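Using this note's numbering, you'd call the opening residue of the sequence shown number 284 and step up by one each time.
All the pointers check out, no bait thrown in.
What follows is a list of derived Cβ distance ranges for each label pair:
hint	residue 1	residue 2	range
1	Tyr328	Asp300	16 to 26 Å
2	Ile376	Leu330	33 to 43 Å
3	Ile373	Leu434	12 to 22 Å
4	Asp300	Met445	32 to 42 Å
5	Phe315	Ser370	13 to 23 Å
6	Tyr328	Gln465	35 to 45 Å
7	Met377	Gln331	33 to 43 Å
8	Leu461	Tyr328	31 to 41 Å
9	Glu360	Leu441	31 to 41 Å
10	Lys443	Ile293	35 to 45 Å
11	Ile376	Ala426	28 to 38 Å
12	Pro290	Pro463	14 to 24 Å
13	Ile293	Phe315	17 to 27 Å
14	Ser361	Leu447	32 to 42 Å
If you're looking for bench data, these hints aren't it; they were derived computationally from the structure. Just so it is clear, the structure is predicted and the values come from calculations on it, not from any experiment. We treat Cβ as the ideally placed atom computed from N, Cα and C, and that holds for glycine.
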Amino acid sequence: MEAIETPRLIIQQLNADHAKDVLEFYVQNQDFLLEWEARKSEDFYTLQAQEKLLLDDQVNFEAGKALKLWIYKKEDESRIIGCIHFSTIIRSIMQSCFVGYKMDGSENGKGYITEALHAAVDLMFSKYNLHRIEAPIMPRNIASIRVVEKLGFEQDGLTKKMLLVNGVWEDHLRFSLLNPGQTC
284 MEAIETPRLI IQQLNADHAK DVLEFYVQNQ DFLLEWEARK SEDFYTLQAQ
334 EKLLLDDQVN FEAGKALKLW IYKKEDESRI IGCIHFSTII RSIMQSCFVG
384 YKMDGSENGK GYITEALHAA VDLMFSKYNL HRIEAPIMPR NIASIRVVEK
434 LGFEQDGLTK KMLLVNGVWE DHLRFSLLNP GQTC
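Construct the complete structure from the given sequences, taking the supplied hints into account.
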């Protein structure tokens, strides 16, 4: 898949050759992401683990199950600043998926994830013809709620104890966006 360019960003899939960059992103943001993600084993923070995960990402993409995109600033294409993951892609009568995203703590609050997510959602609707994208977000993650609301996602409800985050089953608000270009 070709990279997506926005005014400030390059958004692209990565292969195992980029494992060092991905590992660096996770190591630098380990504390920042802890509040919002599942606990990671020590093995996760190894080059071998990241190589395997990037290979798994490619297999899942080729199977039509998921798409993981990594975000770089155009002014510094050597450092990952974030990631967007479209997962659980369901075809048939649903044509939907979940989306999650993360940012480098030092780049948080600068509008990068909104810019990247806007372009990535457009890709999922236009190229992959999805009908619906759902973003589950913890109620206390106000910044993330603002991101999806800026893009037109609407709150559908609350799922109790949906995901195990940092060792705790967390409730998640469900936000969704429908493909505006799809008529049936």
